[in-house]
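Student: Residues per chain are reported as follows:
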Amino acid sequence: MPLNYRIIERRNLNYERRLKFIGGVLFLAFLLILIKTGWLQIIQGERFFYLSQASRLRLVPLPNPRGLILDRKGEVLADNTASFSVAVVPENISDPDRLLSRLKEVFPSMDVEVCKEKIKRAQNPFRPVILREKVELSKVIYLLEREEDFSSAVILAQPVRNYPQGDLLGNLLGYLGEVNKKELRALSGLGVEAGDLVGKTGIERMYNSYLQGEKGGRQVEVDVYGRALKIISQRDPQPGDTLYLTIDLEMQKIAREEMGKRKGVVLIANPQTGQILTLVSLPSFDPNLFSRGISEKEWNEISSHPGNPLENRAIRGEYPPGSTFKIVVATAALEEKKIFPESTYYCPGYYKVGNRVFKCWKEGGHGKVDLEAALVHSCDVYFYQLGLKVGTEDIIRYARLFGLGKPTGVDFPMEKRGFLPTPSWKKKTYKESWYPGDTANLSIGQGYILVTPVQMLTLVNAVANGGYLVKPYLVERIVDVRGNLVYQKTPEREKIPVSSSTLNFLCRALKGVVEKGTGWRAKNKVVNIAGKTGTVEIEGSENPHNWFIGYAPTDNPTLSIIVLVENREEEISIAPQIAGKIFSRIFSRA
Amino acid sequence: MRILKKEFDIYIIVPTICLCLWGLFHLYTISLEDSYYYFERQAIWLCFGIFFLFLFSFFPKEVWSRLSYLVYTATVFFLVLVIVKGSAIYGAKRWLDIGFFNFQPSELAKLSLILALSKILSGKERIGWKNILLSFILASLFFFLIAVQPDLGTALIVFSLWLILLFLSGISLKSFFVLIGTILASLPIFYLFLRPYQKLRILTYLNLHKDPLGAGWSSLQSKIAIGSGRIFGKGIGGAAHTKLKYLPQPLTDFIFSSIGEEWGFIGVSLLIVAYVMIILRGLSFALREGKSFSGLFAAGFVTLIAVQAFINMGMASGIIPVTGVPLPFVSYGGSSLLVFLSGTGILLSLSREEL
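Note that the protein sequences, when read in sequence, are chains Y and R. Residue numbers 16 to 605, in my numbering, belong to the letters of the first sequence in order. Residue numbers 318 to 672, in my numbering, belong to the letters of the second sequence in order.
There may be inaccurate statements among the hints.
[As the list claims (entries may be wrong)] Cross-link-like lysine-lysine pairs, in silico, DSBU-like; alpha carbons within 35 angstroms at most:
no., chain 1, residue 1, chain 2, residue 2
1, Y, K135, R, K562
2, Y, K131, R, K562
3, Y, K35, R, K447
4, Y, K245, R, K441
5, Y, K51, R, K562
6, R, K562, Y, K230
7, Y, K35, R, K491
8, R, K562, Y, K119
9, Y, K421, Y, K374
10, R, K562, Y, K133
11, Y, K35, R, K441
12, Y, K35, Y, K276
13, R, K378, Y, K35
[Said to hold, decoys possible] Covered by chain Y, per the in silico footprint, the following chain R stretches (three or more residues, Cβ under 8 angstroms):
no., segment
14, 369-377
15, 551-562
[Claimed, not checked] Far from chain Y, by Cβ distances over 12 angstroms, these chain R residues were calculated:
no., residue
16, F325
17, S348
18, V380
19, S382
20, V388
21, T390
22, V393
23, L413
24, K447
25, L450
26, F453
27, P467
28, I481
29, A502
30, T569
31, F582
Calculated from the structure, these hints are not laboratory results. Virtual Cβ for every residue (Gly too), placed ideally from N, Cα, C.
Input sequences plus hints: build the corresponding full structure.
Tutor: In C-alpha cells, the structure reads:
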C-alpha cells in the first residue's frame, strides 16, 4: 500500500510539474506578445504612426490648365485639350485575361503580354496602370457605353497642350517637355516638380512662369481601395495666365504663304514700338508632336533635319548682313563728315586694295556714282572706298549704335548676339593683322560680321522711326484668369545720336532702292516701300542668302519688314519680291 | 472542510465579462457611421452567451463527465453536416446556417474535444498506448473534419489541445517525444495537402516585406495599425487605419490590431492582464483538482484560451503567420463567443465550491 501510494504521489507530482511547465510556457508566450507590441508601439511607434498617416492621407494633384497664348486680336495660338488613356486598377481586376482580350478587340495593336506584365509589376495595386494612351474619343465613348464589359477599366483624362496653328508658329511658340534635372534646379522655387511639363523653347519657355499657373492639391483621406472618403484640405488650382502676343495671325499666314517652301525668315514689326507682328522662321515644326508624346522616329526626323526646324532663325540665326550693312557705313560716313552726299566715286566694276582685286556685283561697273546712287544700286566699289575712308573703327561704332553685335533684348530665350569683328579680335584669334581688304569686305557686310534678322529689324526700325532704337518684343500683355492685367509691355526706345539730315538722306535713298534700284521687285501698286537689299555669297554654296530690309509706307512708316531667304534657288533677287507681295497683301486688306 | 464562501469564482468571471464587454464596446467604436449591424448582433450573442455561462455554472459538476461523449458525438454530426451542406464564406465551408445565425461547429469542436479527452485521460493510473491511440482517434477525427473545410488554424488548435492534454495526463516523456517526432516527420507530407493560400501564408511569413500585397500586406498593415497606436492609442473611435479598411477582417482575425491602434500599449497590457488572470486562475484550479476530469478540463480550457489569444495576438503583431483565429471573448462572432462563454460556465460549475 505505501508503495502504491508513493506511485500515485509521484504521478501527481509529475502532473503538477507539467502543469507548471505549461503555465510557464504560456506566461512566456504572453510576455513575448507584450514585448513585441511594446516594440511596435513604443520603440517603433512614431514610425508606424507616420506610416499610418502616410498610407491613408494622399495628396491628389489637381491639374491646372496652362495659360493660353493668343495673337494680338485674340486668335488662339496655344490652348489645352484632353487626352484619354485606358487604365486598370490591378486590385479590381477579377479576370485579367478576359478583360485584356476584350480590350484587344477594341485596340487590335495592343500587346496583351506586355499589358499583363505591366499589371503584374504594379507597385501599388490600387493605383491605375495605364495600358493605352492617346485613345481616340470614339473609342472612349465605345468603352463607356459598354461599361459592364470593361468594368475594371478606367478612363483617365489628361490635359494636353494644343497648337491649333500647327507648324505656322512652331519655333516661335516652342514646345513643352518634361522638366529635366537642370531646369528643375532652376525652377524648383517656382512650384515646378519632377514630372511636370515645362516650356522647353520659345515663348512657352520664356513665359513659363506665367503660363504654368499653380497646381492645386487636395489632401484626401483614402481607404485601402484608394477611394477618397474625406477632403482634409484643398488648394484650388490656379490656371496659367493668358498671353497676348504682338503677333498678327493673319499677317503671319500671309508671310508664310509668300515664303512658300523656302528656308529663311520674315519679320514684320511696328517700327515705332518694336511690336513684332510676324515672325516666320522656316523650316518649322509642329509643336503638337511634342504634346502628344513624340515618337523616336519623329524626334530623329526633326532633330537631324538639315534645315534645323527647331531653331528660331529670326532670333537665333546669325548671317552676314551683306549689302544691307551699307546703311551703317553710309551713316558713319555722313555723321563723321568723311564725305558729302554728293561726293562721287567711279566704279569700273572692280577695286584694287593692295594687290587684291575686289569686284562690284555688277560686271562692267556703275560708272560715276554718288552716295545715294551707290545705295540705290548697291554699288560695292563705292562702298569699298567709302569704308576705307571711314575706317573700321567708326563702321563698327555705328554698327553698335544701330544695335548690332549685342542682343536686342527681344523676349525670347537665348537670343544670339551676332558678331562685329575688330582688328584686335582678329589679331587675337588669327594672329593676323587687320588688312584694308578686311575693311573693304566689312563695308559691304561680308567677311567676319554676323547679324541676326531681329537685329536688322531694329536697324531698319531706327531708320524708319526717325532714329530710335526700339526694343523688339513678342508679348504685348498678360492677363490672369479673372481678366486682371498682370503685365503690359510699354515700348522701350532710345534715341541714336544720328542727325536728322542723315536719316532723311537714308530714307530718300532707301525709297530709291525700291523705286529704281536693286529692290525694284518690291514695287507694287498698293504701297510705297523703302528698303535695302543684300546678297550674301556663302562659302561652299552656289546659292547666296538674299536679304531685304525695309518699311512701308515710305512717308509715314507703319510697318517694317525683314525678309531673309537662305540659299535662294532663284536667279533673281527674291527677297524684295516676297517683301513686296507681303506688304501689298497686308496694306490692301486695311 | 471546504465551506461555501462564494458561489462563483469571481477571479474568472470578472475578467471574462470585462473582456466581453470591452470587445463589444470596441466593436461599437470601430463601426462606421450608421452601420452598427455587427455591434447589434454581437450584443445579442453576448446576452445568449452570458445566459449559457450562468446556466451551465449551475449544473452539478458530475454532469459534464457524463455528457462529454454525447457532446462529442453531436459535434461529429455537426462537422459532417457542415461539410455536406455548409455555406461557404471566403471559399471555406465552415458555417451551418441555422436560421438566425451561422453556426460554426469547429468552434464547438474545441470544447467537445476537451470534454472528451478529459474523460478518457482522467482517473487513469497509467496512460498506455491504448488510451493514447483512443485519444488520437478522437482528436484526429476532428482534425480532419475541420482541416477539409478548410480551416487550418482551428485544426492545428485541435491537434495541440490533444498534445497538451496527453502531456498533462502523465504519458511518459519518452512516448511523448516519439509522438512529436512522428508528427514532425510527417509535416512535409502534410504540407503537400495544404491549399495554395495556406502555403502562401506560411511562405510569406518567412519573407514578409517582399510581397506587400498578398498575405504579407495584411501582416504589414496590422503592424502599422498596432504601432501607430503608440502608448496611449488614438482614442475611442480614433482607429483610422482600421476604419479605412487597411486591415482585413478588423472585427475578427485582426481585432487585436484595431485594439492596439485605438487603445495603445496601455490597452494591450490590460487585455493581456485579463487573459493572464483567467489562465492563472484556471491553472491553479487544475493544480488543486489534480489529474481528475475537472483538473484536465480546466487545464485544457484555459490552455485553449491562452493558445487562441496567443495565436491571434501573435499573428496581428507579426510573431506568427496569418491564420484566422478569433480572439477569445473579444472577436466578433457568435459561435466563438457562445463556445467560450459556455466553456467558462462549465469551468465555473466544476469549480463551484461544495457545501
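Student: Confirm or reject each hint.
Tutor: Hints and how they fare:
| no. | hint | in the structure |
| --- | --- | --- |
| 1 | K135(Y) - K562(R) | holds, 23 angstroms |
| 2 | K131(Y) - K562(R) | holds, 27 angstroms |
| 3 | K35(Y) - K447(R) | holds, 26 angstroms |
| 4 | K245(Y) - K441(R) | violated, 65 angstroms |
| 5 | K51(Y) - K562(R) | holds, 23 angstroms |
| 6 | K562(R) - K230(Y) | holds, 30 angstroms |
| 7 | K35(Y) - K491(R) | holds, 19 angstroms |
| 8 | K562(R) - K119(Y) | holds, 34 angstroms |
| 9 | K421(Y) - K374(Y) | holds, 30 angstroms |
| 10 | K562(R) - K133(Y) | holds, 26 angstroms |
| 11 | K35(Y) - K441(R) | holds, 20 angstroms |
| 12 | K35(Y) - K276(Y) | violated, 100 angstroms |
| 13 | K378(R) - K35(Y) | holds, 24 angstroms |
| 14 | 369-377 | violated (count 0) |
| 15 | 551-562 | holds (count 4) |
| 16 | F325 | holds, 22 angstroms |
| 17 | S348 | holds, 15 angstroms |
| 18 | V380 | holds, 24 angstroms |
| 19 | S382 | holds, 18 angstroms |
| 20 | V388 | holds, 24 angstroms |
| 21 | T390 | holds, 28 angstroms |
| 22 | V393 | holds, 27 angstroms |
| 23 | L413 | holds, 29 angstroms |
| 24 | K447 | holds, 18 angstroms |
| 25 | L450 | holds, 21 angstroms |
| 26 | F453 | holds, 19 angstroms |
| 27 | P467 | holds, 22 angstroms |
| 28 | I481 | violated, 7 angstroms |
| 29 | A502 | holds, 23 angstroms |
| 30 | T569 | holds, 17 angstroms |
| 31 | F582 | violated, 4 angstroms |
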